[in-house]
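Undergrad: Here is what each chain is made of, one letter per residue.
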Amino acid sequence: VNNRVLLIDDDIIVRQTIANVLTEAGYEVVSAADGVAGMRAYRKNRPDLVITDIIMPDQEGIQTLMEIHKVDPTAKVIAISGGGRTSNLRILDVARTMGANDTLAKPFDLEELLAVVRRWLPLDGGPTLQDSAE
Amino acid sequence: MRLSTRVLLATSLAVLSAAAIAWHFLLPPGLEPLLAALLLPGAALAYAVQALRESEARLRKSREHLARAQRAADIGSWELDLKSRALEWSDELFRVLGLSREQDAPAFERLIGCLEEADRGETTNWLELACAGATVPAIEGRLVRPDGRERWVRMEAAVLRDDGGEIETVVGTVETITQRKLAELELRDSQQHLARAQRIAAVGSFEHRFGTLVLEWSEESYRIFGIAPGTPMTVEAHEALALEEDREKLHETYRRAREGRTVPAIEYRIRRPDGVLRTVHRESEILRDSAGAPIGIIGVCRDVTELRAEQHRNAELEAQLHHAQRMEALGTLAGGIAHDLNNTLLPVMVLADALQRKLPKGSAEAERLQLIRQAGDRARGLVRQILAFSRREDPNRAVLDLAAVLRQSMSLVRAGVPTTVRIEERIDEVAPVLGDAGQLHQVLLNLIANAIDAIGDSIGTITLALNNEADAPGPGAEPGPCVHFSVADTGCGMDEGTLKRIFEPFFTTKAVGQGTGLGLSVVHGIVTSHGGRIEATSRVGEGTRFDIFLPALGAGRTAPKEIAA
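As given, the protein sequences belong to chains D and F, one line each in that order.
For the first sequence, my numbering begins at 2 and goes up steadily by one.
For the second sequence, my numbering begins at 1497 and goes up steadily by one.
Honestly, I wouldn't trust all of these hints.
Stated by the list, open to error - Derived Cβ-Cβ restraints for the label pairs, each shown as a range:
| id | chain 1 | residue 1 | chain 2 | residue 2 | range |
| --- | --- | --- | --- | --- | --- |
| 1 | D | Glu25 | F | Lys1857 | 17 to 27 Å |
| 2 | D | Arg5 | F | Asp1949 | 28 to 38 Å |
| 3 | F | Leu1867 | D | Arg41 | 15 to 25 Å |
| 4 | D | Arg120 | F | Ala1871 | 27 to 37 Å |
| 5 | F | Gln1870 | D | Glu25 | 14 to 24 Å |
| 6 | D | Glu25 | F | Gly1858 | 37 to 47 Å |
| 7 | D | Glu113 | F | Ala1945 | 26 to 36 Å |
As the list claims (entries may be wrong) - Examples of chain F residues lying across from chain D (beta carbon under 8 Å, computed):
| id | residue |
| --- | --- |
| 8 | Arg1695 |
| 9 | Val1699 |
| 10 | Ser1701 |
| 11 | Asp1799 |
| 12 | Val1800 |
| 13 | Ala1834 |
| 14 | His1835 |
| 15 | Asn1838 |
| 16 | Thr1840 |
| 17 | Pro1843 |
| 18 | Val1846 |
| 19 | Leu1847 |
| 20 | Gly1877 |
| 21 | Leu1878 |
| 22 | Leu1883 |
Simulated from the structure, these hints should not be mistaken for laboratory data.
We put the CB at the ideal spot given by N, CA and C, even for glycine.
Turn these sequences into a full structure, and let the hints steer you where they fit.
TA: What follows is the structure, encoded as structure tokens:
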């Protein structure tokens, strides 16, 4: 099944939260705390979708995004950002220009997250959180 | 009367007297004609010689006396006999002119020749008039002495008349006045030097003696006060020039000086006769007599209007810079906080959602989670606000009609305005601006909410005004035409200390829980990010007014293409 998601974010709470809900939604989630670890995990696991933070201490997201596309130009990447020194929207604009398929500004809610993830990696016949709630 | 006439007269008298006496007492009748023929001429001659000698001695004495006096006074004289046209010069005149009796004969041409070229014409005319018997004033001239030294002389002339009133002689004096003249010139130079120094430094001086009304001013003082030099000035007239609120301060300096107490430097505003307001700085000192008693006041004054205006502008710029630096620092801080808060809020929102979906709708747990979710939403809103003031959130720019935006906002606001508050709208049609409708809407809501709070439970009015302005005022705004929007309330107002801080993030006068202290800092951030300027004016008990100036599009200003597209 193509359901493997690589999640790169330096904030452990963010990693745990997203992994928690995506796993429950039927995805297999692999996590990495920075761009370097993220690239290692990418080569090793060949995920179907990458969710990467943009502003990170070691290797920041835009560079990671470009490296992933060097390995696989068709790789699907969602950029997320909490903003800060630079405007959140501008960071995400840049990420989109640099090849991110979609963007999410933190803090997003569950529905926004699932909608974006499902758009790029639909789970055929798999259960969704929406379904389980009903 | 001339000497020769007197001698002749005395001689004749003596001869006649002697002849009469001899005739009567001494001679026998037969001898009388013979003796008379022998004696009379001899006696008369002896008497005449004696009288002449005495007269000559007196004359010599008088001449010597006159010469000594002329020498002592440096005054030479001349005398012109109009009948004989004979011209006599005193010794001293030769000396004054640097000539000698041995080599030079008295002549007016010679005198004129001793003068400097420039003075010759005038002196010639003057002499002609004097010698024609006219009354002439004294004149001055410069002598060119053979030794090359410049000498100043003063010349006077007068006529002497005979008994019949006919002009007999013209007498004149030539007086050396070099010392006096040089002192005079030096004084004039020194006065001009002082006046020039005062003009360059824009410093005027004054002096007043107690017991008089007079206030003496230098030329520069007259200029500072805008009054024609030479106009008589009094202490009272001077005080009348001062603005009423500064008059006492000025009056006090005179009072203190009279009492012998040190007079401090003061600054006071004046209204010049032409209506112009100026600020004058004045420093004074007490004048004392030899016993130390105060007898007057002396000092200098300076027009410091431009200086003070400049200092005021600098202080304002400094305050603005300080404010900008503060905002920048807070913006950086806020950016960092926002990033972490965004990350922290993520699990609150996402996991609350996830849990809620697992719980039956309407259950107590689901409701509690709903509250957590709402708190998360509110926190997210706050973070967005923080970022808005720190300009980290990009506005969504479009060409806007501010009048339309305001009308739209007002239709939303009206329902929430208490009935005790009247809203007055003076909205003109204005030039378009480039802006974010949502953000400008937020600006209006914030300002109106503050205005309503300021009015509180009392009855009041909020006035909204919108109009075009030809030029944005002051620094901080882009120069050029702008749209001016203002919100004024008749509420409680603020003191200066509060007014200074209202645009600072987290500064609030509201009770804990009633305001975040972000409203006005957000407003400030939005206006600044639009290239505009916001000003607040307020008076305690009278109300507050916010003026916003946004750059107008058109007339040299167009929307950047990438934004308009």
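Undergrad: Each hint needs a verdict: does it hold in this structure or not?
TA: The hints, checked one at a time:
1. Glu25(D) / Lys1857(F): 17 to 27 Å: holds (19 Å)
2. Arg5(D) / Asp1949(F): 28 to 38 Å: Hint violated: Cβ distance 55 Å, outside 28 to 38 Å.
3. Leu1867(F) / Arg41(D): 15 to 25 Å: Since Leu1867(F) and Arg41(D) have Cβ atoms about 42 Å apart, the given range 15 to 25 Å is violated.
4. Arg120(D) / Ala1871(F): 27 to 37 Å: At 29 Å between Cβs, range holds.
5. Gln1870(F) / Glu25(D): 14 to 24 Å: holds (23 Å)
6. Glu25(D) / Gly1858(F): 37 to 47 Å: violated (23 Å)
7. Glu113(D) / Ala1945(F): 26 to 36 Å: Taking Cβ atoms as reference, Glu113(D) and Ala1945(F) lie about 30 Å apart, which means the hint holds.
8. Arg1695: violated (57 Å)
9. Val1699: Status violated, d = 54 Å.
10. Ser1701: violated (61 Å)
11. Asp1799: violated (50 Å)
12. Val1800: violated (46 Å)
13. Ala1834: holds (6 Å)
14. His1835: Hint holds; His1835(F) Cβ to chain D Cβ min 3 Å, cut 8 Å.
15. Asn1838: Asn1838(F) check passes; min Cβ-Cβ to chain D is 3 Å, inside 8 Å.
16. Thr1840: holds (7 Å)
17. Pro1843: holds (4 Å)
18. Val1846: Result: holds, 5 Å to nearest chain D Cβ.
19. Leu1847: holds (6 Å)
20. Gly1877: violated (11 Å)
21. Leu1878: violated (12 Å)
22. Leu1883: holds (6 Å)
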